[in-house]
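Heads up: the protein sequence lines correspond to chains A and B, in order. First residue of the first sequence? That's 1 in the working numbering, and the numbers climb one at a time after it. First residue of the second sequence? That's 1 in the working numbering, and the numbers climb one at a time after it.
No wet-lab data here; the hints were simulated from the structure. In this text the structure is predicted, and so the values were computed from the model without any measurement. Ideal Cβ positions, reconstructed from N, Cα and C, are used throughout, including at glycine. Among the hints, erroneous ones may be present.
Stated by the list, open to error - Chain A regions said to be covered by chain B (calculated; three or more residues, Cβ under 8 Å): (1) 186–196; (2) 240–250.
Said to hold, decoys possible - Below are the EDC-like pairs computed for lysine to aspartate or glutamate, each with C-alpha atoms no more than 20 Å apart in a straight line: (3) A/K244 with B/D89; (4) B/K413 with B/E241; (5) B/K112 with B/D131; (6) B/K44 with B/E221; (7) B/K336 with B/E493; (8) B/K51 with B/E221; (9) B/K102 with B/E137; (10) B/K541 with B/E555; (11) B/K112 with B/E179; (12) B/K596 with B/E257; (13) A/K196 with A/E145; (14) A/K309 with B/E7; (15) A/K255 with B/D50; (16) A/K255 with B/E41; (17) A/K244 with B/E43; (18) A/K255 with B/E43; (19) A/K244 with B/E41; (20) B/K44 with B/E88; (21) B/K596 with B/D522; (22) B/K492 with B/E335; (23) B/K509 with B/D570; (24) B/K389 with B/D438; (25) A/K255 with B/E221; (26) B/K51 with B/D92; (27) B/K73 with B/D411; (28) A/K244 with B/D50; (29) B/K78 with B/E155.
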Amino acid sequence: MMSFFKDRNCYLRDYNLPLLEKIKRFNYGYLFFITLVVFMGIGILYSVAQGNFDPWASKQLVRFFVSLIFLYLIALTNLRLWMKYAYVVYGIALLLLIAVSIVGHVGMGAQRWLDLGLFHLQPSEIMKIALVLALARYFHGASLEEIRSWRFMIPPALMIIIPVAFILEQPDLGTALMLVFAGGALFFLVGVQIWKFCTAFILTLISLPIIWSCLHTYQQRRVLTFLNPESDPLGAGYHIAQSKITLGSGGLWGKGFMQGTQSRLNFIPEKQTDFIFTVLAEEFGLFGAFALFFLYAVIIAYGFVIALKCNNFFGKLLAMGLTINFSLYVFMNMSMVMGLMPVVGIPLPLMSYGGTAMMTLCISFGLIECVHINQEMVIGRRGSIDDE
Amino acid sequence: MSVWGYEKGRVMTVRIWALAGIFVMMGLILLSRIFYLQILEGEKYRFLADKNRISVRQTHPSRGFIYDRNGVKLAVNKKTFQAVLIKEDAPDYRQTLANFLKLIPLDEDEIKRIEKEISWKRAFMPIRLKDNLSYEEIARLQLNAPDLVGIQTEEGMVRFYPEGKATAHVVGYVSLLNENDVRSDPNNPFIDLPGYRIGRTGIEGSQEERLRGIPGTRKTEINAQGRSVRILEDIPAVPGEDIYLTIDVELQKYMTEVLRAYAASSVVLDVKTGEILGLVSAPTFDPNLFAYPIPAKEWRQLITNKRLPLQNKALSGSYSPGSIFKLVVALAGLEKGDIKRNTTVDCQGKTKLGNQIFHCWKRNGHGEETLENALMHSCDVYFYEVSQKIGSQQILATARKLGFGAPTQQDIKGERSGLVPSPAWKEERYNDAWRMGDTLNLSIGQGFLNATPMQLVKATAEIANGGYQVRPFLIYETDAEKSREPKERLFKEEYIRILQSGMNRVVNKQQGTGHASAFDVDGQKMAGKTATTQVRRISLKERQEGIKSQDELPEEYRDHAIFVAYAPVDQPRFAIVVLVEHGGGGAQVAAPLASKIMKKTLELYPREIR
Numbered sequence: 001m002m003s004f005f006k007d008r009n010c011y012l013r014d015y016n017l018p019l020l021e022k023i024k025r026f027n028y029g030y031l032f033f034i035t036l037v038v039f040m041g042i043g044i045l046y047s048v049a050q051g052n053f054d055p056w057a058s059k060q061l062v063r064f065f066v067s068l069i070f071l072y073l074i075a076l077t078n079l080r081l082w083m084k085y086a087y088v089v090y091g092i093a094l095l096l097l098i099a100v101s102i103v104g105h106v107g108m109g110a111q112r113w114l115d116l117g118l119f120h121l122q123p124s125e126i127m128k129i130a131l132v133l134a135l136a137r138y139f140h141g142a143s144l145e146e147i148r149s150w151r152f153m154i155p156p157a158l159m160i161i162i163p164v165a166f167i168l169e170q171p172d173l174g175t176a177l178m179l180v181f182a183g184g185a186l187f188f189l190v191g192v193q194i195w196k197f198c199t200a201f202i203l204t205l206i207s208l209p210i211i212w213s214c215l216h217t218y219q220q221r222r223v224l225t226f227l228n229p230e231s232d233p234l235g236a237g238y239h240i241a242q243s244k245i246t247l248g249s250g251g252l253w254g255k256g257f258m259q260g261t262q263s264r265l266n267f268i269p270e271k272q273t274d275f276i277f278t279v280l281a282e283e284f285g286l287f288g289a290f291a292l293f294f295l296y297a298v299i300i301a302y303g304f305v306i307a308l309k310c311n312n313f314f315g316k317l318l319a320m321g322l323t324i325n326f327s328l329y330v331f332m333n334m335s336m337v338m339g340l341m342p343v344v345g346i347p348l349p350l351m352s353y354g355g356t357a358m359m360t361l362c363i364s365f366g367l368i369e370c371v372h373i374n375q376e377m378v379i380g381r382r383g384s385i386d387d388e
Numbered sequence: 001m002s003v004w005g006y007e008k009g010r011v012m013t014v015r016i017w018a019l020a021g022i023f024v025m026m027g028l029i030l031l032s033r034i035f036y037l038q039i040l041e042g043e044k045y046r047f048l049a050d051k052n053r054i055s056v057r058q059t060h061p062s063r064g065f066i067y068d069r070n071g072v073k074l075a076v077n078k079k080t081f082q083a084v085l086i087k088e089d090a091p092d093y094r095q096t097l098a099n100f101l102k103l104i105p106l107d108e109d110e111i112k113r114i115e116k117e118i119s120w121k122r123a124f125m126p127i128r129l130k131d132n133l134s135y136e137e138i139a140r141l142q143l144n145a146p147d148l149v150g151i152q153t154e155e156g157m158v159r160f161y162p163e164g165k166a167t168a169h170v171v172g173y174v175s176l177l178n179e180n181d182v183r184s185d186p187n188n189p190f191i192d193l194p195g196y197r198i199g200r201t202g203i204e205g206s207q208e209e210r211l212r213g214i215p216g217t218r219k220t221e222i223n224a225q226g227r228s229v230r231i232l233e234d235i236p237a238v239p240g241e242d243i244y245l246t247i248d249v250e251l252q253k254y255m256t257e258v259l260r261a262y263a264a265s266s267v268v269l270d271v272k273t274g275e276i277l278g279l280v281s282a283p284t285f286d287p288n289l290f291a292y293p294i295p296a297k298e299w300r301q302l303i304t305n306k307r308l309p310l311q312n313k314a315l316s317g318s319y320s321p322g323s324i325f326k327l328v329v330a331l332a333g334l335e336k337g338d339i340k341r342n343t344t345v346d347c348q349g350k351t352k353l354g355n356q357i358f359h360c361w362k363r364n365g366h367g368e369e370t371l372e373n374a375l376m377h378s379c380d381v382y383f384y385e386v387s388q389k390i391g392s393q394q395i396l397a398t399a400r401k402l403g404f405g406a407p408t409q410q411d412i413k414g415e416r417s418g419l420v421p422s423p424a425w426k427e428e429r430y431n432d433a434w435r436m437g438d439t440l441n442l443s444i445g446q447g448f449l450n451a452t453p454m455q456l457v458k459a460t461a462e463i464a465n466g467g468y469q470v471r472p473f474l475i476y477e478t479d480a481e482k483s484r485e486p487k488e489r490l491f492k493e494e495y496i497r498i499l500q501s502g503m504n505r506v507v508n509k510q511q512g513t514g515h516a517s518a519f520d521v522d523g524q525k526m527a528g529k530t531a532t533t534q535v536r537r538i539s540l541k542e543r544q545e546g547i548k549s550q551d552e553l554p555e556e557y558r559d560h561a562i563f564v565a566y567a568p569v570d571q572p573r574f575a576i577v578v579l580v581e582h583g584g585g586g587a588q589v590a591a592p593l594a595s596k597i598m599k600k601t602l603e604l605y606p607r608e609i610r
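Sequences and hints are given; from them, build the entire structure.
Following this line, the structure appears as structure tokens:
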């Protein structure tokens, strides 16, 4: 018990801003753009429900405000706390994943969440944040020489591979890919040599047939359909085709708010979640799509700037990792609905209807805000102890 | 930042910027993609979106009804449901079809037909899968709608003929469009209407354009499930015109019943107006069979039947008129002045012409015959003799004047012209000159001359009404117009009276050939003329084998029996022809049938009390 308190004191000792200062330093511009996108999303949800707040828009609004409280509270925490409990969070997330896997086996079919009564806990969502936390923690104190050695890279690689394996088993190809990409991006940022990425890429190509055989039939079919949409014109190919029709028919200015025929007449599957972008593009055209692009670009740019400005590696990596997560969401969803990528089931962050996603996104933004508020914080190589 | 992290920090900053660069490029890819989809390809996708949501359907106009002279319905429409497949709507029409057949099995012939239609129909043209769906089948289709994308249940109209067989040849029938219809008239506005049935024969065929109306167009917005959400545009169909016929369905039914056992035809005509009160060809068929594609077995039966049920024998049957033509010869002689009422010929049973001998049907002759008696007895020798004087030219001219050699009406298509020969025609056809023998054959209605029953009854009517031209018709042009009084007189009344007197004797004198069929309804009597026309002579060989009478020959070689008549004698109103193919003697077979029909006609139209 004593050591715990001692350690904690060590971490928290030198740098903790007063609450008022933290509130002052909070990046309200960042929050403004986030809120703007959420409201755009709510507008589209309203339109998709043919001019009704039910069943999506109103709930989404409530969820956003609840999540906003979390965002704000997390932003005001001490960054060192997250550094200290990074592995704990990762461990819990991994245990939950395993639990889901077991429950999933007991239950029927694919199971991605634990029913906790009030809300569905989706461990894979938590893992997206936990992995970034754990990797940021791991790489924080690493020297460049360590990073460039093989042996040092084995633990972080396992940190990625183990949850990915469980998530693939669920099966949730989209999230698994996101974890791999986000983790890989962090590897890249800390300075892993480019040739290692090339090697990994080639190795992946070679092992593709093995991965292929591990994929679920429905996933195989989706990939095949993507490569040749004619093969399944009523199934996934139909979705891609209709998605493109919806987007393309929007033209320059769109068909007008609530005037989208494709969405109104149910030609779009999952129009309130994964394919919500097509509705925006149909009703507001290129103009609306570009506006959303711009907002996303601003949010992502904020993340980059916050990372660049941060004084400590943990904060840099945390902000970058979460921003990369967010960006990957956006890229993958948009590529998917535009027919550039197989339909893998990834929502459009902040726009798509969904409670868990909104909550995890706000936690992420809370953490990035936390990095922003604590950008001047110096964190020693192993916490702060060694640097004394 | 401390020393251990200096180099690491530098690398990280560089890499963050590199990643930013990568993100910008990915962003540009997405931007150009959306630009490509919305602007460069926008037109195409807008079109596809409209095609998705707008369904343009033609709607059926209601086909005009057909009524008889008393307003009895002869052709009406019945509601029906059918399943159609639209190729372009089905993602995989073969799969869709397979799913359909699992729910509603069809026999092999039908599947073959559907396969054929799939191969030639345009992608947007509905392919009929099953007609006359029961409610149970409709329910089954609706329950399984997700597996049947591209299949629609259409409400259609099917033609129904309440009087069926009795009016089959007059009213005709309709049937579904086939490959030839589409090819021959690709601009027919009805091609895309599933279940559209085109008039084929009879009034349905000739009045197709009046009856069919104009199809409507309905643009509806449909959702992804194919369900109609709202109507965008609705141009209602214009129903077809109703048509009133001169036919009396009571008489028509009676005639059908009377002729049921024969290969025969009969027409009843109003001698003044030309209204066709009854027109029957036997055997008949059920026109309702064609409402749905006629089952192959029934179709085969219809087309292999030697008695040709589908042929309208009254208009399309062309026969030697036989002794009926003696009326024409007599009229020609009277017109030319070569014979008078009292011109007599001594019949010794035969006439010699060079080496040839022409026999009278009565071997031992009729003795001294006047014109009227020659008609009464149907004496061949009388006409052999006088025709030599009159000459073929006059006979043929009179025949044409009476309407032989040309169609008599326009209301039903496909009427044959028959044949009025001429020396030039014979020269052309047989490369041989017209000989006196040909004239003698002509004088008794044998040889080259051919006429339809319709022409025979028209000529009869023209004699009956005192020599006025008759234009037979079936369709009242307006509902109000019920008669067309004759205007043009063709023949002098004096000559006509002589013919009438001859025809009167045929029926009402003891010695007349048709006397057995005489009647007296309410003081109304019938006048007529019999004919028995040779289809084939009994050959010498058959005579040696013991075949002496026509009855012993196979049916297709037996004589045709013909009888024309009009009634009442004093104030003629109706003319009739009955022609029984291979029936035997006109007096024995045709006259009694005609007598029955005429009696019925007089009962239906009693003499007006003035």
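Numbered hints the structure breaks, given as an ascending list: Going through the list in order, the structure violates no hint and respects every one.
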